[in-house]
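A.B. asks: Sequence:
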Amino acid sequence: MKIRRAVPADLPALQWLSRLNNEFHAKQAPEHFHRVEEVYADAQWQQLLSSREHAVFVGEAEGVVLGFALMQLRHDSGSVQVKAKKIAHLAGIYVDGQARGQGMGKGLLQACEAWGIEKEADELGLMVWSFNQAAIRLYEGLGIHELHRQMRKPLRTEKL
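The sequence shown runs contiguously to residue 160 in full-length UniProt numbering.
These are calculated hints, taken from the structure and not from any lab test.
Don't take each hint at face value.
[As the list claims (entries may be wrong)] Cβ pair distances, simulated, as ranges: (1) Pro-8 <-> Arg-152: 18 to 28 Å; (2) Glu-62 <-> Leu-20: 10 to 20 Å; (3) Thr-157 <-> Glu-62: 41 to 51 Å; (4) Glu-53 <-> Arg-4: 42 to 52 Å; (5) Met-151 <-> Arg-35: 37 to 47 Å; (6) Val-7 <-> Leu-155: 25 to 35 Å; (7) Leu-20 <-> Lys-106: 37 to 47 Å; (8) Gln-81 <-> Ala-9: 41 to 51 Å; (9) Ile-136 <-> Ser-77: 21 to 31 Å; (10) Val-7 <-> Gly-101: 35 to 45 Å; (11) Glu-37 <-> Gly-141: 15 to 25 Å; (12) Asn-132 <-> Pro-12: 17 to 27 Å; (13) Arg-149 <-> Phe-24: 35 to 45 Å; (14) Ala-41 <-> Arg-4: 39 to 49 Å.
[Stated by the list, open to error] List of simulated lysine-lysine pairs, DSSO-like, C-alpha gap at most 27 Å: (15) Lys-119 <-> Lys-27; (16) Lys-153 <-> Lys-119; (17) Lys-27 <-> Lys-83; (18) Lys-86 <-> Lys-119; (19) Lys-106 <-> Lys-85; (20) Lys-2 <-> Lys-106; (21) Lys-106 <-> Lys-86; (22) Lys-106 <-> Lys-27; (23) Lys-106 <-> Lys-119; (24) Lys-2 <-> Lys-119.
All figures in this text were calculated on a predicted structure; none of them were measured in a lab.
All C-beta atoms, glycine included, are put in the ideal place defined by N, C-alpha and C.
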């Protein structure tokens, strides 16, 4: 297994993996997710690959890209009560089923953490849906802990 920065030749794999990630989320929470063919257009992926504020990592097994992680540098301005922070934010991660349990997710997250340190971020941050227990276990195993909860109650029963 190899973890590396993504390159333009990885675009087909990034499209495929981001579509699988979307399908997983849409299946688990259809009230929150649309099924889409393309999460990011190729041009958007190209911008992400060349941006100083983003990083895209891929995990390969036997030369085949089977996982990715997308990072974004965020500058949280804070408030009167909350401290301003520079956050290395995990905007997306997905490992194909055939590569799970082999350390690829851990390797991708370690690369993300190293990138955050390189960018002098204060923290590594992410948002995870509560139904994604496998991801939560992975994150907790790497020292990423829950900071706050966002809670909701539906007010309309009809489908939008």
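A.B. asks: Provide an ascending list of the numbers of those earlier hints which the structure does not satisfy.
C.D. replies: 1, 4, 5, 6, 7, 10, 11, 13, 14, 15, 16 and 17
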